[in-house]
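Protein chains in written order, with UniProt numbering: chain A, 1 to 558; chain B, 1 to 897.
Any given hint could turn out to be false.
[Claimed, not checked] So the derived list for chain A, only partly shown, Cβ under 7 angstroms to chain B, looks like this: (1) M1; (2) F10; (3) L13; (4) G15; (5) I170; (6) V335; (7) N461; (8) N490.
Worth flagging that the hints you see were computed from the coordinates, not collected in a lab.
From the three backbone atoms N, C-alpha and C, an ideal C-beta is built for every residue, glycine too.
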Amino acid sequence: MNALVALCHFCELHGPRTLFCTEAVHPPSPSPPQPGSAIPGEREREADREGEGLTMRANSSATQRADMCEGCRSLPASHPGFVSVDGETGIRYLSHQHPRQPQLFSVVRQACVRSLSCEVCPGREGPIFFGDEQHGFVFSHTFFIKDNLARGFQRWYSIVVVAMDRIYLINSWPFLLRHLRLTIQSLQNTALKVFDSEQCVCPQRALRMNSTFSPAVFPHQRSGNAARSLTSLTQHPNLWDSLHSSFSWLLKACGSRLTEKLLEGAPTEDTLVLIERQTEQEEEMSGWDGAEGGGSNPQSSQSESVQAKDFQFDDRRQEDLIGPKFKSLRHLRQVLGTADFRQLTWHVLMGNQVIWRGADPGLIQSAFNVLKALLPVGCVRAVQYSPHYEEAYRCNFLGLSPDVPIPAHVSSSEFSVLVDVLSAERGCVNPVSDDDILSLYQFHISSANTQPTDKGPTLLNKLEVALSNENLSVEVVSLCLLCLKEEWMNKVKVLFKFSKVDGRGKEDTQKVLALLGATGPGEEDNVRLLKFWMTGLSKLYKSHLMTAVRGGERTLSQ
Amino acid sequence: MPTLLQKLFSKRAVGNGNGSARDCSTGAEQRWASAEFDLAQIRLIVYQDCERRGRQVLFDSKAIHKLDASEPTADETKTPPNRSGACHIGSQANEKDKPPTYQYTRPASDVNMLGEMMFGSVSMSYKGSTLKIHHIRSPPQLMVSKVFSTRFGSSSTSGSTNTLQDSFESMSQTFPSHTSSSIEQLKSTVRVRHVPSAPLLSLVRSASFFAAHSNPVDMPSRGHSEDGDSGIARSASLSSLLATPQPSPGSSFSSGCASSYQRRWLRSQATSLQHGPMPRWNAEEMFNLSDESCSSNPAMIRRKKIAISIIISLPEREEENHNFQEFFFSHFPLFESHMNKLKTAIERAMIVCRRIAESSQRVQVYLCRVMEALGEFRMTVWNLYMAPRISEPVWLSMISQSAERNLLCQRFLKEMSLLMEHGVKSQFLSALLTAVLTHHLAWVPTVMPSNLPPIKPACQKPTSQTVDLLAKSHPYNPLWAQLGDLYGALGSPVRVCRTVVVGRRRELVQRVLYILSYFIRCSDLQEHVQPQGQKDNPANPCTSPTTDPNPASERICEKTFPPPPDTIKPIPGTFMEQNDETVSADTHSTNTPTGLEASMVRPECTEMGPECFGEHVDSVGGGLEHILANQSPLPQRVQFHIGSPREVENVGQAGGLMCGGQGLDRKLHQRLLTDIRRNESSDSALGDSDDEETSSREMYMAAEQTEYELPLPSSQVESRASVNHFGRSLLGGYCPQYMPDFALHGISSDLRLKQCLMADLEHTVLHPALDEPVAEALCIVADTDRLSVQVVTSQRRMCEGGRLGRDVMVSNLIHTLITSVLQLYALNIAADFCVMHLEDRLQEVYFKSRSLAEYLRGQTRVHVKELGLALGIESSDIPLLAAVASTHSPYVAQILL
């Protein structure tokens, strides 16, 4: 809780006085606790220290002059105070006689005066809430402490909790009352024992009745009357240490009494897949101690290692490559032309192998980066640049150098598309600008596919509407694509549940496709897309559904 | 009073009957509070503290009883107060016969003490309102008081014969007789007088919209006069306000839960104590007794304070008392909101009474109005405490991850299917969900995808780690956060919404409530308490009381070894033994042989000479004299350890140089020189002329530059579901009539709804329970008899003539969403998977709102056809998506206003 707790005392000579104050100091911004360093940084600590010292000197000097009696002082002027640090959150609980900050000093002073002099409580002992926006809000509990030398044989104290959040302070009334009463009763009981033992030694009541009033004795009596500190009244040598601990705990416990349980959305499948890949990559790295990578031409037969190196390849080549690059889907569409772009993206979404062959690996990589955005992360298996052909089951994005021949079975396959990047005919002419790709290259797209590419899938139809609208910015198109991908990934989840987990028949599957909106024009392409995108589901999601089914079966057997 | 009591008993009896009927029929709802709560237990006192006349009681409900001769009929009793405040002579003549006649008796004996509690024993110079809460032990009562500075003193143009004091023994109030102007003209006068300039007014009005997203600022008071700002001015000022939002670390730390996180972070900063008190938006609340005659007599303005106090008698039984207090303090913002409404009614009663010439009639009108307002307050508080609630809200049940999750999903989907079939022609369910999802926006953070890896792989929806981290290091009020979530106060500008389901068929209304409790979401609160039997409470500072009568021993112990509190033995006899053990332990820790110890002490004392002893005498006072007088072995040890543990270490280090002899002497000499040098610089810095005192203090300060570190005490806590929080209390069940506080509740009759809703919405904007400015208050009214859904708003100009609200346009997104989920369920897909799919579809709505927000960036016009073609957003989807977008993109409101 962002508040402070103070012990106040009504001195017979000086009136209301603040005896002891514990405040919570919070770190500037929430951050995970670093292992081994629970205390804030040294620089911040030094700055805080300087502030502390300066204010302490000023306050100590003022206090020394104004409050000379023992009852108005808790810690000696040279005492630096107490601090407790919450290692988990970085909150520091500081205790001094007065707050170090001048505004807080004034706030506590005001609360002390109102608590002991202004506000009326029936029976004079008990809780009161008071305050306003200007001076802060206060929960106050007044109480008496027995004292043989005091007028009426008792002195008046109060414990105040000051905060700026009045609603929070009022919400905490039952908690504060319950625990402050424990503190107060503990002090009162301890002082009562001291009081009773002192009465046995020297009964003050009879002494006062028998003493004769005289002007010479009166000042001495009053001075002696006001001299006793709470430490003396309770015979507790470490009273202020204990109060620091009690007040610190009160502030912490009150702030953590209620906690929220707040749900947020599940991570997207792309996020989960990326996390899973990173985990696998780290495991492989730990397993390859001392081993070297395969360089720019991966030779390993494991698909995971191919993907791992794919990431490295991306990072390394992106910085070094120069030359023109594709920037966005719209840019790619402008360069290739709407018809070729349509055909190419159709193959991408159908899960067919997309092969780019050319002399510029940077250009090919940029094309892949743009096209990858069409697919879920889990559906992408790319080999950026290779001197020889890779089979389709290894990668659906393949970059080749110009002299690599395409096998015959691939050329005649309808599940692949080849984009040849050729030099422009007017190669000797200087380029107009570095980004003018068409002045440097020609793109020849070829595929043995006989299926029409203009009917579906629905996602591509909608995307082309957005791409062709020049009023929409690149960011809008990007978000539109994100919406479409999430929409269809959710359909994939339903189809996965229906066909793979539950094992429903064709008739039911057709019903599901209808209600998912995958039927109608482009239905065949939609179905192919949905099946392809099942590879984009995270392992976590698949295992979760399978586990649920297993649990369900167990329930049925019971 | 007997008649009033009979009426109250009758009302309570009706409540009991309904409760028992509900318990028998369904069992789905149960009464919230087990205790009986009598309306008569609430007492109202209005006090005036005037410079000239002192303190006077203006009203005390305990001193008022109704005359039997004018007992009204039931219909007349239920007549609500005239909201417009207009009062004509003609209607007064009618009211003279119909309303009950009250007689003011002698004030109760405790009013003087209560006045002291309200105003305090010393007058405060603070201008504005102060809030106080007292607990009275016998009889057990809670007293909530608000003291206001009056805005204008009432001028006196009539003699004392026209004051209320002629009729009351202790009431006196000057009410000038002016019948020439109406209340409307009075409002116009007030409006003109209080408008300093149009741009400032627009800024003030607009600033409240973005208070949740900007630095807290000291704003002037807001009242009824803030009506006239134009759209252009608003747009301009919004831009300037948007330019300087306070950056929050959440925006860079995690994009998930942006609005939830940001709202909580801003709240923790706005209520932080570390930068001193910072006045906030409602610092200028005053008691308004303004009259047009004040402007003509400025010299007549007098300083006056008005106190309004509500005293609630607590149940005698301890358990019921405890339960009510827990409820009262956790729901205090709602109680205070109604207290503000009561204050407004009292203001109006005082203003209206001035225009009545005849004193007896004036008294009657005043008493009738105040008693009517008090009756409203009592009934509202009773309803808030006693009304039935939804026993198992769907969303909160899902949060608790109960083992019966699949059964819960099955029931939820079954109920939704039945409701879909029932209202299939009018698309009732789709319209209702469109409205609820548009205005109860707490569902949006629950579908924003998390960027962090999930902690529990099996958990479908993770709990927010970023909000949890924020709550630990920067505490905010979880109850406040939850209340805002329930009212949907996540958008920008801040709007609060409630939903009322009307219908004569109980089962149908309850089905709708059950379904909506899934979509009206909030966080679940957990309470961490100490186990009952735990004795070692860290709040106890005196765990081991010691009553050792020997002062010399006490001082020795205090000065030499400050042991931790838990090491003090409770038995005085063993205290000295503990002291010896401590001495031995300390000796052992220094790794110094006993022989060397004695020799080290002796040369040091000899070398220092009397100067050393003199200095020590100063520091320890008379204690050292006692020690020396005793001449016991202890003084040597005590002398050795005088000072801080660091000095002990220094002596230990010096021991290593013992063989040198001269080395020790040189080291001590250098240390003294260093101290003197530091003292000189400190003197110049502080400008303190007390050389001796400063020198002594600085020598000590040099050794200790920071506070002593003590371990933070930890205690055992057990977590349990919190009972008294808004997620459980503000989702009401099927109730006899409309109530203003609930985020969701069902009613069988909309009569009271039509009478009170508009005034309640306006009051919500003026006195929000969220303790932060609110731009608009809305209410979704779902009529299950006519299968219509309307949205009522506090902004009057949006309402068409003769209608309460506007019909909701069904969002195509929501209709498709609900239809597909229910069709999946009809195909016998597992219920929990269908609910997961529902959440996925809601996430799609969130993504579409991001597309809309991005599209609107930089745009000044909305092309609906373009949205439909490019983004798949239809015109019926725009209000929903704009509302969702306002939770993460505040500029959306600026463009769409």
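The hints, checked one at a time:
1. M1: holds, 5 angstroms
2. F10: Violated. Min distance 13 angstroms.
3. L13: violated, 19 angstroms
4. G15: violated, 12 angstroms
5. I170: holds, 5 angstroms
6. V335: violated, 22 angstroms
7. N461: Nearest chain B Cβ about 11 angstroms off; hint violated.
8. N490: holds, 4 angstroms
Of the numbered hints listed earlier, those contradicted by the structure are 2, 3, 4, 6, 7.
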